[in-house]
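Taking the hints into account, I'd like the entire structure generated from these sequences.
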Amino acid sequence: MTAPGTTLSSTAGDGDPCGCPGREFTRRTVLRGAGIAGLTGLLSSGLSTQLAFASGPTTGNDVLVVLSLRGGFDGLSAIAPIGDPGYAAARPTLAVPENRALKLDDTFGLHPSLAPLKPFWDAGTFGAVQAVGHPDRSRSHFAAMEELERAAPGTSLRTGWLDRVIGLAGNGSPLQAVTVGSGTSALALAGPAPDVAMRSLDDFSMDTDNLAHRKRLTALRAMHAGRPGAAGIALTALDRAAEVRSSTPAGTGYPTSGEGQELGSALRDLARIIKTPGSTLQAACVDFGDWDMHENLGTVDQGRMTRQLAGLGAALAAFATDLGPHHLSRVCLVTLSEFGRRVQQNGSAGTDHGSANTVLLLGGGVIGGKVHGVWPGLAPSALDRGDLANRTDYRDVLGELLRVRCGVPNLSSVFPGFQPNPIGVARP
Amino acid sequence: MPVPARGPDGSPGPAPAGPPAVAGDPTHLLLRTTYGLSRQLVEDVTATGPTAWLEQQLDPAGIPDAACDELVSRFRWLDASAAQVRAGVNVGSWDAMSELTQAALARACWSKRQLFEVMVDFWGNHLNVTCPSSEVWDVRAVDDRDVYRRHALGRFSDLLVASATSPSMLRYLNNDSSTKTAPNENYGRELLELHTVGVGAGYSETEVRHSALALTGLTVDDATGTFRYRSGWHHVGPLSVLGWSSANTSEDGGLEVATSYLRYLAAHPLTARRIAHKLAVRFVSDSPPTALVDRLAATYLAGDTQLKPVLRQLFASPEFAASAGQKTRRPVEDLTAVVRGLGIEVPLPKDGVVGMLHWMSYERGQPMLGWHPPNGFPDVAAAWQGAGTTVMMWRQQLSLAGSWWPKNLRHPGLASLLPDPRPTTNGGLVDALSQRLLNRTLPGDERAAVLGFLGPESSRPSDEIFDWQLPWLVALLFGTPSWSRR
Chain A
1 MTAPGTTLSS TAGDGDPCGC PGREFTRRTV LRGAGIAGLT GLLSSGLSTQ LAFASGPTTG
61 NDVLVVLSLR GGFDGLSAIA PIGDPGYAAA RPTLAVPENR ALKLDDTFGL HPSLAPLKPF
121 WDAGTFGAVQ AVGHPDRSRS HFAAMEELER AAPGTSLRTG WLDRVIGLAG NGSPLQAVTV
181 GSGTSALALA GPAPDVAMRS LDDFSMDTDN LAHRKRLTAL RAMHAGRPGA AGIALTALDR
241 AAEVRSSTPA GTGYPTSGEG QELGSALRDL ARIIKTPGST LQAACVDFGD WDMHENLGTV
301 DQGRMTRQLA GLGAALAAFA TDLGPHHLSR VCLVTLSEFG RRVQQNGSAG TDHGSANTVL
361 LLGGGVIGGK VHGVWPGLAP SALDRGDLAN RTDYRDVLGE LLRVRCGVPN LSSVFPGFQP
421 NPIGVARP
Chain B
1001 MPVPARGPDG SPGPAPAGPP AVAGDPTHLL LRTTYGLSRQ LVEDVTATGP TAWLEQQLDP
1061 AGIPDAACDE LVSRFRWLDA SAAQVRAGVN VGSWDAMSEL TQAALARACW SKRQLFEVMV
1121 DFWGNHLNVT CPSSEVWDVR AVDDRDVYRR HALGRFSDLL VASATSPSML RYLNNDSSTK
1181 TAPNENYGRE LLELHTVGVG AGYSETEVRH SALALTGLTV DDATGTFRYR SGWHHVGPLS
1241 VLGWSSANTS EDGGLEVATS YLRYLAAHPL TARRIAHKLA VRFVSDSPPT ALVDRLAATY
1301 LAGDTQLKPV LRQLFASPEF AASAGQKTRR PVEDLTAVVR GLGIEVPLPK DGVVGMLHWM
1361 SYERGQPMLG WHPPNGFPDV AAAWQGAGTT VMMWRQQLSL AGSWWPKNLR HPGLASLLPD
1421 PRPTTNGGLV DALSQRLLNR TLPGDERAAV LGFLGPESSR PSDEIFDWQL PWLVALLFGT
1481 PSWSRR
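Taken in sequence, the protein lines are chains A and B. To convert, note that position 226 of the first sequence is 226 in the numbering used here; the numbers rise steadily by one, no gaps. To convert, note that position 435 of the second sequence is 1435 in the numbering used here; the numbers rise steadily by one, no gaps.
Source of the hints: derived by calculation from the structure; they are not laboratory data.
To list a few chain A residues with every Cβ distance to chain B over 12 Å, as calculated:
hint, residue
1, Gly60
2, Asn61
3, Pro119
4, Asp122
5, Ser257
6, His327
7, Pro416
8, Gly417
Among the chain A residues that face chain B by a calculated CB cut under 7 Å, a handful are:
hint, residue
9, Ser185
10, Ala197
11, Phe204
12, Lys215
13, Leu220
14, Glu295
15, Gly347
Keep in mind that this is a model prediction, so the values were computed, not measured. We put the CB at the ideal spot given by N, CA and C, even for glycine.
Okay, structure coming up:
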């Protein structure tokens, strides 16, 4: 039995042997796509969902895009601390060589696979924050991801932080918050505020070209109206998605093969929604997983990391180009990952679960061209149990962007018990 | 094909005193223990009564299943050893894994051993090894056969040991490269967090390390793709995890040490609670009553991790009887229920139908066996609220009802769902269809919405309905809130 059932999983593979001998197969398994939501029962939070969107002329209505690099992103490969003597010492075969990195400042260099993003770095719309962490130290993918997306440690809240943002500042449109690339909403959006998850924009449609189609849709509306659950939201969102398709053509320039293909498709759809005249989009979640490289991470010339970063770089650069200066000016994209990797490479030429990590920033709403944060260094004495020390809480990064760029002045219910400190990532 | 295993001691049967009576409505039992109602299923349970039907299902080897066995026998690699797969396909080929995902969906649709298939899926998710994933290209089907299918209704302790010595799991969670000098914690951690006691059990990072060290040496023979214990890789020295300890004094004794650790974890009270809770989430509700979970956990421990007594107790419980309508169908369960409800028959060889049905499961966001993280597909309604999935399900329900795609469906025609003579009123038509598909009538508001499609309740259905609109009408039944629950 063949197509289309053989194209089961979207990243690469698709039945083709990777051509490597023996045990060299790449792992495409971990932490991608299909929705991480529902690791626990999601109880109603009791939070009010007041509609108090503070609109503003140039700031205050940016689209916040959360790109989840699931599996444990290795920020030390992406924004490599080539100027830190501890780096090459800890990673004798995995460190990005100093002469291969694209120099960013005295300490950091960009992995060569991310070269398509260098022009945006130079233009100030692509940047990074180093040594970003969060309170969970379980080193468990699931516990860490859940805590990251719940963002309410020490409380019994079961909603995601982005759901609380939309509850506070959403405009009420069904396309105020979307998960693109997966039919299941990101856990950060779990909760009572309406949002839409779509595998792709083209799939998110129903036929209406005969009487029976239309009668059925009318009956579906009648039986689902006013009920909790996905169906009611889906019916309204269908109308909005149809408007996007009819008004705005799909962008070009996205990767059509390799590790960045699926991410590119999701970002292409997202850009289309953002570019639609009168777009109501405020927040979006996109996943790009497979970062859990416990073994055979490879070098800058070949292997899993260089391929995965190339996919990331190509897709993000295409997204920024497709949006163009006008739309990019009101986008803030941040990458989040449940944890970084341990500084020391392991015995399998990979890295195990670590702690603090790198956050990448893209868009006109962020201050790029700079590595933000405090660099604790990689000297053995500077490490926290073998990990890069956590010097900036990820909620500091998100909080500043939400307050300065996204019109959410009061963050106390978004990040309960936490007072974000601005670190200078948001363009005023 | 391998016959589904009986109990670990070979005994198929119920307890001598007779099994406890199944509680509640027989349709409720069917909705929870199968991949969807069919006319045959309803007739079977009506004939035997629910308690006897459940006993049959708990002894799957005793259920004749020729049509599905024949279907599954068409796949080349399900029965093969790792060596045969390696000899028969290109290195790294996804052929064997692709067959397995399709076979899993085919069995869900057409096997008469429905509860067995539900439990195979349950354990496949509990001990998830994403299929397809490239590092298990040659061994994943072996895993399915020797781990989940062999022990699905047996003893959890045996299942866990089988999983820990399965090349598939060892590669997926990197234990195959974990050695005393370079231990890899991935499997040692997930064993605690996901497979047994759970993340809240209070183990320390040192205990995670000991967990990994206890398992060093359990690896895969690269030449054959079979399990191998490499004593030279095993860490020697005292170990302790959550009350288990071992002096662990020799490399040669490492496999015994690992087995003792695994069996200890399987019989740990926290594991009992986790398994009991998970079964209750599968079969009772998204937030199952604590008292039920406590009783199931006690039965699990008293029975030395045997699963059948736990299931018997669950289906006989008042909590089960009281839970009708509290579970929501996940996308795959909706797909199989539509196939079964329409009476679509076992496909003919080489017609591609199973592959296309599998593609449908992927498009709705639940590719069979395809969950990526090691924790398995979520089993609560809140995880499946995506509008995109909802829309895709509506589209596919219509396509299947109309027999438009997949091509070559052996679809009996929608007229077969109607009584003869046909209902003479719109109200009668809705009721006849809902009786056939849901084995009950719809609640008033849903019935009224369907009548919106048809016209006034007491009027005669228009000719257009029977001429060409039945696919949309049947799809509308699949779109009701009542259909979405199980």
